[in-house]
Each structure stands twice: as structure tokens, then as C-alpha cells.
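*Asks:* Whole structure, please, built from the sequences with the hints as guidance.
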Amino acid sequence: MKEPPLQRATDRIAELYRRYVLPTYAPPSIALVRGEGALVWDAEGREYLDFLAGIAVSVLGHAHPALVRAIQQQAGRLIHCSNLYYNEHQGELARELAGRSMGGACFFCNSGAEANEALIKLARLWGSKSGGRWRIVTMRNSFHGRTLATLTATGQAKVQRGFEPLPDGFDYAEFNDLDSVRSAITDRTAAVLVEAVQGEGGVVPASSGFLAGLRRLCTETGVLLLMDEVQCGMGRTGRWFGWQHYGIEPDAFSLAKGLGGGFPIGAIVVAPGLAEVFQPGQHASTFGGTPLACAAARAVLETIERDRLLDNAAVRGAQLMDGLRHLQKSVPAFVEVRGMGLMVGLVLDRPSKPFETRLRELGLLALSTADRVVRFLPPLIVSERDVARALEIVAAAALDL
Numbered sequence: 001m002k003e004p005p006l007q008r009a010t011d012r013i014a015e016l017y018r019r020y021v022l023p024t025y026a027p028p029s030i031a032l033v034r035g036e037g038a039l040v041w042d043a044e045g046r047e048y049l050d051f052l053a054g055i056a057v058s059v060l061g062h063a064h065p066a067l068v069r070a071i072q073q074q075a076g077r078l079i080h081c082s083n084l085y086y087n088e089h090q091g092e093l094a095r096e097l098a099g100r101s102m103g104g105a106c107f108f109c110n111s112g113a114e115a116n117e118a119l120i121k122l123a124r125l126w127g128s129k130s131g132g133r134w135r136i137v138t139m140r141n142s143f144h145g146r147t148l149a150t151l152t153a154t155g156q157a158k159v160q161r162g163f164e165p166l167p168d169g170f171d172y173a174e175f176n177d178l179d180s181v182r183s184a185i186t187d188r189t190a191a192v193l194v195e196a197v198q199g200e201g202g203v204v205p206a207s208s209g210f211l212a213g214l215r216r217l218c219t220e221t222g223v224l225l226l227m228d229e230v231q232c233g234m235g236r237t238g239r240w241f242g243w244q245h246y247g248i249e250p251d252a253f254s255l256a257k258g259l260g261g262g263f264p265i266g267a268i269v270v271a272p273g274l275a276e277v278f279q280p281g282q283h284a285s286t287f288g289g290t291p292l293a294c295a296a297a298r299a300v301l302e303t304i305e306r307d308r309l310l311d312n313a314a315v316r317g318a319q320l321m322d323g324l325r326h327l328q329k330s331v332p333a334f335v336e337v338r339g340m341g342l343m344v345g346l347v348l349d350r351p352s353k354p355f356e357t358r359l360r361e362l363g364l365l366a367l368s369t370a371d372r373v374v375r376f377l378p379p380l381i382v383s384e385r386d387v388a389r390a391l392e393i394v395a396a397a398a399l400d401l
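Everything in the sequence shown is counted per this note's numbering, starting at 1 for the first residue and increasing by one.
It should be emphasised that the hints constitute simulated quantities derived from the structure, not laboratory data. Backbone N, C-alpha and C define an ideal beta-carbon position, used for all residues, glycine too. Any given hint could be a false lead.
[Stated by the list, open to error] Within a straight-line C-alpha distance of at most 20 Å, the following computed EDC-like cross-link-like pairs (lysine to aspartate or glutamate) qualify: (1) 353 / 371; (2) 329 / 311; (3) 329 / 392; (4) 129 / 174; (5) 329 / 400; (6) 353 / 400; (7) 129 / 220; (8) 158 / 220; (9) 158 / 168; (10) 158 / 179; (11) 158 / 171; (12) 129 / 276; (13) 158 / 336; (14) 353 / 200; (15) 121 / 168; (16) 121 / 276; (17) 121 / 187; (18) 329 / 349; (19) 121 / 171.
[Stated by the list, open to error] What follows is a set of in silico ranges between Cβ atoms, one per label pair, in the way DEER data are often shown: (20) 41 / 332: 33 to 41 Å; (21) 9 / 128: 50 to 58 Å; (22) 73 / 174: 42 to 50 Å; (23) 282 / 44: 27 to 35 Å; (24) 9 / 305: 34 to 42 Å; (25) 208 / 7: 19 to 27 Å; (26) 78 / 188: 40 to 48 Å; (27) 46 / 26: 14 to 22 Å; (28) 281 / 73: 27 to 35 Å; (29) 311 / 147: 32 to 40 Å; (30) 311 / 174: 30 to 38 Å; (31) 44 / 129: 52 to 60 Å.
*Replies:* Below you can see the structure in the form of C-alpha cells.
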């Protein structure tokens, strides 16, 4: 009797997903099982150049020795103790983040959505003490998370559809249009929430005049300026935080994704004048700022600093964008290249999902967003050789357009 063919490892993994995991994602038929540096391998042993980095999360690449060592050592000492007690790493991490930004203080949580929820609660609590302000202006085509409040803050109907009625308290303005924001601000507005670079919105950087004008407008109207740095923070743009390119300081900003280099942790950093807004019992997170999460984040910060990865992000980002613009001259389907540092978008003249698929088939992981944009988010440790190889794959994939 003939033996049945062996089932691929990927197929076995996928079957478990189909049977037991809610279908909130639609992954391609690959299962990643190992990574090193800017490379990952699937269950069949195929190698990929990872220019997605877990959607801007794995800033040190995969299996970085400093991060692995920090997690291993702390896991052997103390994983969790709750915020009922001090832990040895949380205060140090807060000091390091505040010192790299505008001073002040931090609150720790687990994700970008939680961090943005904390910003929303901070603005409302501050506004309740400032004449009853409670509404928040956000930008169309923004993205701030998947909780009910943060998906309402997100200015995209496609992520809100089916979850109505949505929470009240959000007004929308056009990104890079100061007059639009001015029109949206009323005497009930507590804050404006904005990204330095819209990631899910298509890798669209804020214009220098927009953010500078927004800072002045918020100051003039007594409104808080909040920055969502979840995707563009932690060195991705070539500076620690995206807003640092614009010569401004926000009143508070959110972090997550790259902060833990792959270990879940989120945070908000608030200016000194807002450090006393939250009082005991007004906000909390059971798993926020655990010893293990904070030890991982401290290792990420130390490694970015020691290995000059901000400089690398700027140089390798310029190499990637220059290379894509060179290809654009000979590929009519390539409409525009935009971004900042290692947050790069390639705009096509057609839906970009098939091109993402072709890149993956050729060994390069990237991500389609905003219908016609392919987003590249390589780790900050990416090398000149890695970028050159990625550009070769893009050129090969373009032959099919």
C-alpha cells in the first residue's frame, strides 16, 4: 500500500490556525520559525530578507545577542511583580526615555493601542481640569490602534466599519493642512493627536511647516499636542523620535513597537508640566513595565546608542530611497518614493498587494498598505549589503509589472 505524502510543516501549522485561531488575520502560506539579524527562515528552511521587522518592531533584527542576554538574565531573576511594588528597571527606563526627549515622566503599558489610550485618558483628565475640554482632533488616514477609542481616533472608516456606535469625542482634520486643524479646534478641544509619519496611511511624512504650525496653534489655543510615535519612534526615522526632525516638542507622546525590540512594551512620555495629571488609581496596567519588559527595552536603548544605529538608519534609509528612485526612472509603475530614515514607502500606479506577494516569492518581506503603497521597515541593524540585495529583488519583481 502506497504511503500518503508527508504533510509540509507549514501546512500542519496552518491547519492549527484554521481550526483554533480566530480569523482576524489572513497570512500568506509561510510560517516563520527562526531569525538572525535581518534574515528569517520559514518552516521549510527558505530564507527571506526581512524588510518588515514585525511591522517596525524588531529594531535590532532577530536574535540580537544583547537583547537575548538581557531577557535571559532577567527571566532568571524576576519576571513579574506588578506595579504594587517598585522594580529595579522601570525607573531607569523612564529616566532614559525622558532624558532622550523633553524630560518629564513615563507610564508603561504593553502595546501601541494601550499607549494611545493612555494619551487619550491623559488629555481628557487634563481637560476636565481646564474648563471642561474633552474632544480630541486626529487626522484622516491616521492609525492609532484597534481598541474602540483608538480605532475611533483612527481617521479611516475601513477600520471602524461594523463597530458602531463609536465613542464620542473625536474630530477629524486633514493631515498636512493647518487650516483644516484650526477649523476643527473648538472650546471643547483638549488635544490634537498626530503622527510625524503616517505609517498605515501610506508612509506620508508630516511637512515641516505643518508640525511647526501645529505646535504654535496648540500653544495659542491652549490645546495639548500629542504625538503618536508607535511606528516612527525608537530610531526608525534616524532620530530617536520622529518629532525631533521638526524642531518642536510635543506635550506628550506614545511609544511601543520598537521599544522592546520584539518584547511587548508600550509607554507614554509626558512633559514636566503634565507629570502630575494622573494620580494613584486613575490609570493602571497589570503587565505594564514589568522587570522583564523594562530590562529588554533598556537593552534596546543601550544597543541603539552604542552601535550608532540612528546614524545607520539615516544612511541605509537614504541608500534604500535613492535606489528605489533610480529604479523609478525605468519602471513606469513606480509613481513615488517617500519616507524618512528606514520608514520607506514605494507608491505604485496599481494595487500593491500583488507586488508584495511577488517580493515575498523572491525572498523579500515587505508590506502593502493604503492600497497602492509597499512599505519597507527593515531593522536598524540592516547593512549596506542587505539594502543592495533588497533593491536587486525589487528590480527583479518589477519585471512582472
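*Asks:* It remains to establish, for every hint, whether it holds in the given structure.
*Replies:* Hint-by-hint comparison with the structure:
1. Proposed proximity of residue 353 and residue 371 is supported: the alpha carbons are some 7 Å apart, at most 20 Å.
2. A hinted pair counts as satisfied when its Cα atoms are at most 20 Å apart, and residue 329 with residue 311 does not qualify at roughly 28 Å.
3. This hinted pair checks out: residue 329 and residue 392 have alpha carbons roughly 15 Å apart, not beyond 20 Å.
4. A threshold of 20 Å between alpha carbons decides the hint, and for residue 129 with residue 174 the separation of about 28 Å lies outside it, so the pair is violated.
5. The straight-line distance between the Cα atoms of residue 329 and residue 400 is roughly 16 Å, inside the 20 Å bound, and the hint therefore holds.
6. Using a Cα cut-off of 20 Å, the hinted pair residue 353 and residue 400 holds, with the two alpha carbons roughly 13 Å apart.
7. Of the supplied pair hints, the one linking residue 129 and residue 220 holds, its CA atoms being roughly 18 Å apart against a limit of 20 Å.
8. With a CA separation close to 34 Å, the supplied pair residue 158 and residue 220 exceeds the 20 Å bound.
9. A C-alpha spacing of about 18 Å is found between residue 158 and residue 168, which places the hinted pair at or below 20 Å, so the restraint holds.
10. Taking the CA atoms of residue 158 and residue 179, the gap is about 25 Å. The hint is violated against a cut of 20 Å.
11. Proximity of residue 158 to residue 171 is assessed by CA-CA distance (about 17 Å); at most 20 Å being required, the pair is judged to hold.
12. Between residue 129 and residue 276 the alpha-carbon distance is near 12 Å, which keeps this suggested pair within the 20 Å criterion.
13. Annotation: proposed proximity of residue 158 to residue 336 is violated, straight-line Cα distance about 24 Å (limit 20 Å).
14. Note on residue 353 and residue 200: the hinted pairing holds, with a Cα-Cα distance of about 14 Å set against a maximum of 20 Å.
15. Distance check on the hinted pair: residue 121 and residue 168 sit about 13 Å apart at the alpha-carbon level, within 20 Å; holds.
16. Between the alpha carbons of residue 121 and residue 276 the distance comes to roughly 13 Å, so the proposed pair stays at or under 20 Å and holds.
17. As the CA atoms of residue 121 and residue 187 are separated by approximately 18 Å, the hinted pair is consistent with the 20 Å bound.
18. Taken as a hint, the residue 329 and residue 349 pair is honoured in the structure, with Cα atoms around 14 Å apart against an allowance of 20 Å.
19. Proximity of residue 121 to residue 171 is assessed by CA-CA distance (about 16 Å); at most 20 Å being required, the pair is judged to hold.
20. Separation of residue 41 from residue 332 is about 35 Å and conforms to the stated range, judged on CB atoms against 33 to 41 Å.
21. Roughly 54 Å separates the CB atoms of residue 9 and residue 128, a value that falls within the hinted 50 to 58 Å.
22. For the pair residue 73 and residue 174, the supplied restraint of 42 to 50 Å holds, since their beta-carbon distance comes to about 48 Å.
23. Distance hint check: the CB atoms of residue 282 and residue 44 are about 50 Å apart, inconsistent with the given range 27 to 35 Å.
24. For residue 9 and residue 305, the Cβ-Cβ distance of about 39 Å falls inside the hinted range of 34 to 42 Å, so the restraint holds.
25. A beta carbon spacing of about 55 Å between residue 208 and residue 7 contradicts the range 19 to 27 Å that was offered as a hint.
26. The hinted range of 40 to 48 Å is satisfied by residue 78 and residue 188, whose Cβ atoms lie roughly 45 Å apart.
27. Under the hint 14 to 22 Å, the C-beta atoms of residue 46 and residue 26, about 20 Å apart, fit the expected range.
28. For the pair residue 281 and residue 73, the supplied restraint of 27 to 35 Å holds, since their beta-carbon distance comes to about 33 Å.
29. The beta-carbon spacing between residue 311 and residue 147, approximately 36 Å, falls within the hinted interval of 32 to 40 Å.
30. Evaluation of the 30 to 38 Å hint for residue 311 and residue 174 yields a pass: the beta carbon distance comes to about 34 Å.
31. A C-beta distance of roughly 58 Å is found between residue 44 and residue 129, which places it inside the suggested range of 52 to 60 Å.
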